[in-house]
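Protein chains in written order, with our numbering: chain G, 1 to 166; chain C, 1 to 462; chain L, 1 to 109; chain P, 1 to 630; chain B, 1 to 488.
Be aware that one or more of the hints could be misleading.
What the hints assert, rightly or not - Here are the simulated lysine-lysine pairs, BS3-like style, with alpha carbons at most 30 Å apart:
no., chain 1, residue 1, chain 2, residue 2
1, B, Lys483, B, Lys100
2, B, Lys483, P, Lys563
3, B, Lys156, B, Lys348
4, L, Lys108, G, Lys139
5, P, Lys206, P, Lys73
6, C, Lys144, G, Lys165
7, P, Lys162, B, Lys351
8, B, Lys483, B, Lys54
9, B, Lys54, C, Lys419
10, C, Lys22, C, Lys144
11, G, Lys165, C, Lys338
12, C, Lys23, G, Lys165
13, P, Lys28, B, Lys361
14, C, Lys176, C, Lys258
15, B, Lys440, P, Lys28
Hints were generated in silico from the structure; no laboratory data involved.
Take a look at the letters that make up each chain.
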Amino acid sequence: MNATQLLFWFLSVLALFSAIMMVVSKNPVHSVLWLIVVFFALSGHYILLNAQFLAIVNLIVYAGAIMVLFLFVIMLMNLNAETEPQKNKWLKIAGVIGGGSLLLVLVAALKSADLHNRIAETGTGNIGLIHNLGMALFKEYVIPFEISSVLFLSAMVGTVVIGKKE
Amino acid sequence: MNSIITSAVLGVIMMFSGLFLKKKSSIAALATAGVFLLLVMAVLELSGYHFFPVDTHNTLYFDVFGLLFNCIAFASTLIYFLLNGRDMTSIGNYPGEYFALVFFVLCGISITSSFNSLLMLFIGIEIISIPLYILTGSDKRNLKSNEASLKYFLMGAFSTGIMLLGIAFLYGASDKGSFFLDDLVSQKGGPSPMMMAGLILLMVSMAFKVSAAPFHFWTPDVYDGAPAVITSFMATVVKAGVFIAFIRLFYDAFDDIKVHWQLLVAIITAITLFIGNITAVFQQSVKRMLAYSSIAQVGFMLFSLLTLSNLAKEGIILYTAVYSLSTIGLFAILIRMKDYSFEGFNGLARKYPGVAFAAAIFLLSLAGIPLTGGFLAKYYMILAVMQTGQWLWLVILAMLCAAVSVYYYFRVIQAMYFKEGGTQELELSGSFKAILIGVALLVILLGIFPQVLIDRLYIIYL
Amino acid sequence: MPINYYIFLSVALFCIGVAGVLTRRNAIIIFMCVELMLNAVNLLLIAFSKMHHVATGVTDPNAGINGQIFVFFIMVVAAAEVSVGLAIIAMMYRNTHSVDINFLNRLKH
Amino acid sequence: MSNYVYLVPLFPLVGFLINGLFRKSLSKSQSGVIGSGTILASFIISLIIFFQVKQEGFQPVTVTLFEFIHAGKLSIPFSFLVDPLSTLFLLIITGVGFLIHLYSMAYMQEENGADYAKYFSYLNLFVFFMLLLVLGANYVILFIGWEGVGLCSYLLIGYWFKNLDFDNAAKKAFIMNRIGDLGFLIAIFALINQFGSVSFDTIFQKAPTASTGFITAVTLLLFVGATGKSAQIPLYTWLPDAMAGPTPVSALIHAATMVTAGIYMIARSHILYNLAPVSQTVVAIIGAATIILAALIAVKQNDIKKVLAYSTVSQLGYMFLGLGVGAYNEAVFHVLTHAFFKALLFLCAGSVIHAMGGEQDIRKMGGLKKNLPVTHITFLMGCIAIAGIPPFSGFFSKDEILTAAYARNPVYFIIGLAGAMITAFYMFRLYATTFRGTFRGTPDQQHHLHESPSAMTIPLIVLAILSVIGGFVGIPEVMVPNANLLEHFLDPVLATGVRQTVEIPAATEWMLMGLSTVLALAMVLFALYRFSKNPELGEPVGLGKWMRDKFYVDEIYDTLIVKPINALAGFFNRVIENEVIDGVVNGVGRLVQYGGRQLRYLQSGQVGAYVLLMVVGIVILFVVQLFLRK
Amino acid sequence: MIPVLLIGIPLLAGLIGFSLKDTAAKRWALFASLLTLAVIVTGICLPSDSSLLKFSTDWMGSLNSRFAVSLDGMGKILCLLTALSFPIIFISTWNEEYVKAKNFFGLMLLSLTGLLGVFLASDALLFYIFWELALIPVYFLASQWGGERRIAATFKFFIYTFLGSLMMLIGLIYIYFHTPGHSFALTAFYQAHLQITNESQSWLFWFIFVAFAVKMPIFPFHTWQPDTYEQSPPAVTMVLSGLMVKMGLFGILRWLAPVLPMGTYLWGDTVSALCIIGMIYASLIALRQDDLKRLVAYSSIAHMGLMCLTIFATTTIGFQGVMIQMFNHGINIIGLWVVVYLIEKQFKTRKISELGGLAAKAPVLTMMLVIIVLANIALPLTNAFIGEFLMFTGIYTSRVTNYNVVFVVTAALTVILSAVYMLNMVQKVFYGPENARTGKAMDIQVSEKWLLSFIVLMILVFGIYPEPLIRLTQSSVDLLMSKMFVKP
């Protein structure tokens with residue numbers, strides 16, 4: 001087991017553990033923090049997969065901006081206390097079973113997939129570099145890129161419409 | 001491309017309309033003019049006039065089917081604006097913004113009717129969804145509206161996650177590592193398990209968007225909670241738009257491996273028909289009944305997905321047109337009423353015979369009674385399925401459900417025509433009535449001469 | 001690494017997110033779980049992107065780049081969604097002083 | 001002239017139309033004259049035809065008016081058949097019919113104008129249908145007349161429609177007739193199926209080719225029709241009730257003509273019957289049984305018309321006995337004589353009732369011979385005739401039947417003889433109770449007693465004469481050789497086909513005649529002696545009570561048939577229709593509603609539940625897919 | 001051109017009717033229906049090979065459906081019945097006051113359109129559309145202008161028939177995909193059975209038959225009928241029972257039996273048994289009805305059962321009988337309804353037990369009724385006798401079933417039963433003593449007399465001389481027989 005593999009396993013375990021912790025934390029703030037840990041772990045994976053740009057963007061956009069936004073909202077609403085009353089125990093169990101069975105069927109569906117020879121090689125390639133991504137984005141993907149501005153516009157308008165106090 | 005760009009620009013214009021137009025009615029008029037322009041652009045595009053020759057790098061693909069649908073969607077929206085433009089402005093304090101969001105939705109619809117890559121599908125769907133979350137909650141002080149909005153948003157986001165997982169699987173399973181529809185299915189051998197997993201997840205998320213059971217649960221609550229004028233738009237143009245995307249996706253990408261997923265679609269169809277129709281039976285509010293009815297109608301539309309034949313394509317075009325017109329017409333009346341319950345319709349025919357006539361035609365059309373477009377639409381669907389020689393049980397189920405649907409649609413007719421009641425005063429202008437009756441006649445016209453629309457599918461100017 | 005590892009990791013993360021959505025009743029946490037799901041997908045897409053690059057990178061140096069582009073768009077959309085979503089939650093909170101989805105039951109049946 | 005035979009039924013039809021359509025504007029005498037005149041016209045034409053037919057070498061003529069029904073290979077012309085048999089019946093119908101029309105003119109005088117005209121129009125219509133019946137050249141035309149006379153009978157029994165009992169009687173008559181008609185109808189279908197035709201000539205020609213079983217079935221079915229129309233066991237109970245109608249109607253329809261339609265039909269079909277011995281036996285047995293049963297009931301009846309009605313049933317039994325033993329001539333002969341004396345008896349009864357102001361109970365009569373001399377004499381002649389005392393007409397016809405019966409099987413003869421004795425007994429019981437002794441009615445009635453007007457008595461006299469001499473047209477071979485004019489006349493029709501009569505020695509025949517005459521005379525005298533002074537007024541007991549209550553046949557029918565059907569209908573109406581079938585239909589509707597109500601709860605309003613259900617949906621789809629792959 | 005006129009005149013007139021004044025609508029409707037009658041009479045007078053009797057034009061190209069209409073023998077007789085009935089219905093209910101009369105008459109004319117369309121269509125899709133079109137106006141008519149429980153009753157009727165027609169639609173589409181060249185044309189349908197296996201014909205039969213069975217109605221699909229008849233306004237009841245039930249028979253004769261001869265053959269005995277059960281069952285129930293309308297309704301079920309039974313016997317004679325009986329039954333039952341209507345109008349009740357003794361006060365009405373009743377129980381020399389005689393003969397001579405005699409005998413029991421309940425009715429309503437309600441009864445008016453006389457005249461004329469009707473339909477019968485499966 002080389003360093004990369006070691007790192008892979010570590011990051012994987014970290015991500016899974018943090019994710020579970022995020023779900024089970026009673027305090028919303030803790031959840032946010034655990035989620036940020038997940039994002040960091042994932043960014044580590046991105047780097048292992050040579051998606052350096054995305055790794056950074058993930059940290060900046062997700063861990064940095066989005067999660068902070070979440071944190072702000074939670075703080076604003078004063079939800080930091082363990083205010084959430086216990087959900088119906090059965091529903092909770094049903095939820096876990098639901099998620100578990102989804103996992104089960106997905107794994108079952110995919111385990112027979114003949115992918116053993118397919119490899120996501122770590123540490124090689126340069127498509128994840130900002131230059132390559134930028135070229136692709138502004139050449140082949142210029143249309144989606146432009147169109148996503150419409151998305152932003154609508155989100156912006158919407159946030160204003162919804163968020164503004166009347 | 002005409003419609004995508006025009007609608008986006010119109011959206012921006014509407015965003016700022018509030019700055020220079022103070023009167024609500026003029027904003028509505030502007031929006032109506034805008035959508036008319038949009039319609040003209042779409043028709044021109046259909047007739048071969050492309051004003052924006054942009055190289056889309058194959059991410060978009062304009063064919064008659066999509067463009068014709070654009071025309072239908074825009075025409076429906078035009079009628080919708082004509083009928084309810086004024087009501088739109090009175091939801092809240094941001095009339096211009098509401099219209100802008102509608103135009104953004106139309107932009108999304110133009111994209112989903114012409115996508116050729118899963119990326120565009122994803123973006124298109126999101127462009128449709130995000131404004132809708134907001135429009136649903138636009139009646140900000142109404143708790144129901146809030147609730148609907150939040151429910152819609154949470155479940156919508158969840159379904160986005162499902163969709164993305166599906167897309168990821170499909171990407172992983174494609175030979176070339178591509179999002180283009182043509183490349184999704186591996187040419188060698190049968191579909192890989194991962195591909196099927198991706199397909200199912202994608203199917204589920206699309207089913208969610210078109211509110212097919214058992215992924216429909218958001219629909220009644222959201223349609224009920226949203227301002228009626230928004231529901232009208234959501235239940236018709238938007239739903240049709242997403243459905244077209246659904247059809248396109250499966251027609252272009254997965255047609256070859258039909259046999260592997262048809263049963264799943266059949267199951268979804270059956271459940272949708274059953275739940276939609278049966279649940280609609282006991283509703284007390286017409287608005288909520290129409291929400292369930294929209295689910296039930298999707299059950300019929302899903303037949304086209306099941307078969308993916310030329311007949312199905314013709315049929316779905318007719319279906320979306322007729323269904324949109326009928327539902328918009330019904331909602332236009334409902335919006336003007338204060339009481340959404342069935343009793344609210346009591347004695348409507350006595351007081352407003354013209355309106356009641358139109359409503360009756362719409363209801364008959366939704367129920368699939370001959371000489372209205374709704375009959376031929378359903379007829380095409382049945383025809384398409386019967387053509388395959390399979391799925392007879394599904395057809396029978398559909399027919400039984402159609403009979404059930406008569407029950408709840410006719411409750412409204414009964415209330416309007418055969419029951420006495422202190423009818424509420426409705427604010428109905430002459431033009432409103434005239435347009436309403438015009439739409440009703442249009443529905444009948446489509447029921448007698450569907451060729452007007454369907455032949456358009458085969459006139460190609462591209 | 002074999003691609004299967006990534007697949008199972010992503011699916012596991014995704015399902016944790018799903019389970020979170022199912023078990024929690026705080027709208028914000030649910031939303032966060034959805035974000036977790038999206039990130040699981042991102043990881044999967046990047047892994048596939050890499051996989052495709054490895055497979056066909058010899059002939060096409062840019063092979064697999066579209067997967068990363070897609071992730072980029074997902075982030076874009078997620079950001080937009082978050083802004084709208086939080087606005088809606090905030091609006092809800094303003095009106096009801098709660099973000100508990102169990103209280104969202106005015107609309108039913 | 002035979003080609004103009006359609007005039008015979010046409011006249012009554014015209015009479016019916018005139019009287020029916022203009023009944024409000026016609027005066028009583030006008031409608032009476034029209035009614036009687038048309039029949040008279042028919043009678044005259046019938047006479048002309050009769051003389052034509054009587055000539056030597058006459059060949060039966062079929063007159064086709066138009067194509068009635070034509071479908072596929074089946075062709076049913078509207079055609080009349082003129083042959084001796086139909087001609088004879090023409091004479092009976094128009095002749096007796098005319099007399100009864102004449103009588104009715106006076107008898108119905110108390111009705112108001114419109115009703116009077118209505119009465120005559122019905123009567124004319126009846127004659128029309130009766131003529132169709134006997135003239136029809138195929139079974140369908142016969143059937144038209146057959147049902148038509150039933151209809152007229154219905155209308156005339158219920159003539160006084162305000163009385164619900166009368167209406168019930170009318171309805172009963174119609175329905176029991178219909179039961180018989182059904183058998184007739186099915187026989188016609190069977191004939192069409194077998195022979196592809198309904199014409200007499202075709203069928204009779206091809207009949208030998210058919211299997212005996214088929215012929216037996218058809219003849220039995222036809223006989224079912226005959227039992228209905230001619231009031232035989234088991235369908236006889238309508239006839240006594242039918243006495244609710246005006247008395248001339250009883251005379252015409254329920255004595256002289258309509259009820260003999262069954263005899264006509266079987267005589268007409270005798271070729272078929274000859275091919276089916278089993279059916280013949282059945283006919284004979286039923287006829288014999290009816291003779292005794294009806295006669296026994298008649299003994300204890302106190303209603304003057306009821307006695308006559310049962311007597312009619314009994315006499316019809318003789319005719320069927322005759323038919324059953326293959327004595328078609330004799331049966332028809334009895335039809336003829338019976339028409340005379342039974343019409344006479346009924347008309348006399350009418351005269352009595354008329355005089356008594358509507359009273360029909362003989363216990364309240366008595367000693368009427370002083371006040372009603374003509375009626376008395378004529379009635380007595382009728383009684384003698386029916387009792388079978390020579391040389392009155394009834395003797396000849398009845399004894400010929402009995403002789404033929406003896407030839408076939410002596411048991412028939414004994415039954416017939418017993419019947420004849422009872423007949424003589426009850427007829428003279430009736431005569432004695434009514435006309436002898438002292439008057440037992442109210443003083444008011446006594447005050448009003450009077451002889452009927454001449455319009456009524458003339459028909460009585462004519463019929464009395466016919467009753468007396470009518471028998472001479474059929475003098476038995478043993479008395480005067482070759483004097484049986486009737487047989488000679490009818491033989492071209494009735495002697496065709498296979499006859500199975502056994503010749504019996506002349507001495508035996510004489511002996512039989514003597515025996516029956518003596519016994520009848522004895523019964524006559526016994527009855528006169530027994531009832532002239534001390535009429536039977538009390539309530540009968542024992543067997544007598546059974547006889548008076550008609551052996552409870554009506555009640556048995558009611559219990560066994562009418563009530564169960566009614567109960568079944570009620571059960572269907574209440575339970576099956578409303579609860580089972582409609583219940584299922586409505587149940588489906590309710591199930592859908594219930595489903596709708598329950599399914600709504602799936603829509604719990606909880607986002608968590610919604611998402612859970614979605615996930616479950618996804619899982620299910622995956623599971624299906626996994627299974628599908630394997 | 002004639003068929004187009006037949007459809008076009010009432011359609012246009014109906015649409016115009018909606019915009020007229022209430023007072024004028026009645027006259028307009030009568031005028032239009034008389035005009036239609038004139039057209040059909042013209043059509044009957046034309047030679048049967050006249051090109052004017054056919055019309056065909058492109059309609060829905062992509063569905064291979066044409067607007068094809070033609071008038072053949074069976075169509076003629078039924079169109080004649082329809083066109084004849086409407087003026088009778090309008091005149092007989094002339095004095096009825098309707099709220100929003102223009103809508104009433106407009107809808108009546110639309111239902112006329114639908115009926116004629118059904119009888120004229122020679123394209124399956126067109127047939128189906130007219131089939132439904134005939135239903136919708138009637139639904140509105142009955143629900144709007146009917147009795148107290150009208151909404152529920154007519155709604156049941158509607159859903160019932162609608163479900164039936166949907167099943168038929170499945171069947172028609174299935175056949176469509178088995179026609180040579182995928183066409184909805186009648187001629188193509190007649191060739192479809194060559195490509196449909198016996199098993200398929202066997203199940204397909206029921207899909208189509210159910211629609212017709214509901215319409216006729218055949219036991220046990222009949223429960224909508226008494227309620228609907230009872231609750232509908234008189235004019236609509238007449239349309240329903242005189243004309244619309246014929247659609248079911250017509251449907252079998254044109255779109256089922258010749259299209260799926262093998263299916264018809266295979267299920268012949270089953271359906272026949274149902275028909276017979278229904279006949280006896282309905283007759284028995286009729287015995288217990290106190291409501292005149294319900295009585296007539298059940299009697300109609302029995303009559304329809306016989307006609308349906310005859311169809312499945314598959315004989316020339318039987319078909320001939322059915323064809324003319326369709327006409328005759330229409331006339332008779334409308335006559336019966338007219339009388340019921342006149343009684344209800346005068347006495348405000350339909351309860352047999354509340355009536356009595358009308359004969360003394362209303363002799364003309366009584367006379368007419370008795371003749372109509374006699375026609376109903378198929379007395380000779382009335383029109384129904386001809387039909388029933390031919391039908392029974394047809395059943396008896398059937399070669400496709402081994403139970404023909406059983407069928408005849410059991411079915412013929414209704415001949416007795418019908419006499420029982422009909423005469424009961426006559427007796428209780430018209431005979432006997434008068435009661436408080438009927439004491440002041442009046443006879444019918446002159447116009448009503450003329451109307452009933454006309455009906456009675458038809459009953460008698462076609463009872464004595466049915467040749468014209470037989471000749472009219474002969475070609476259709478022959479055509480039908482040539483398409484049917486008949487055991488050698």
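Hint numbers the structure violates, sorted upward? 1, 2, 4 and 9
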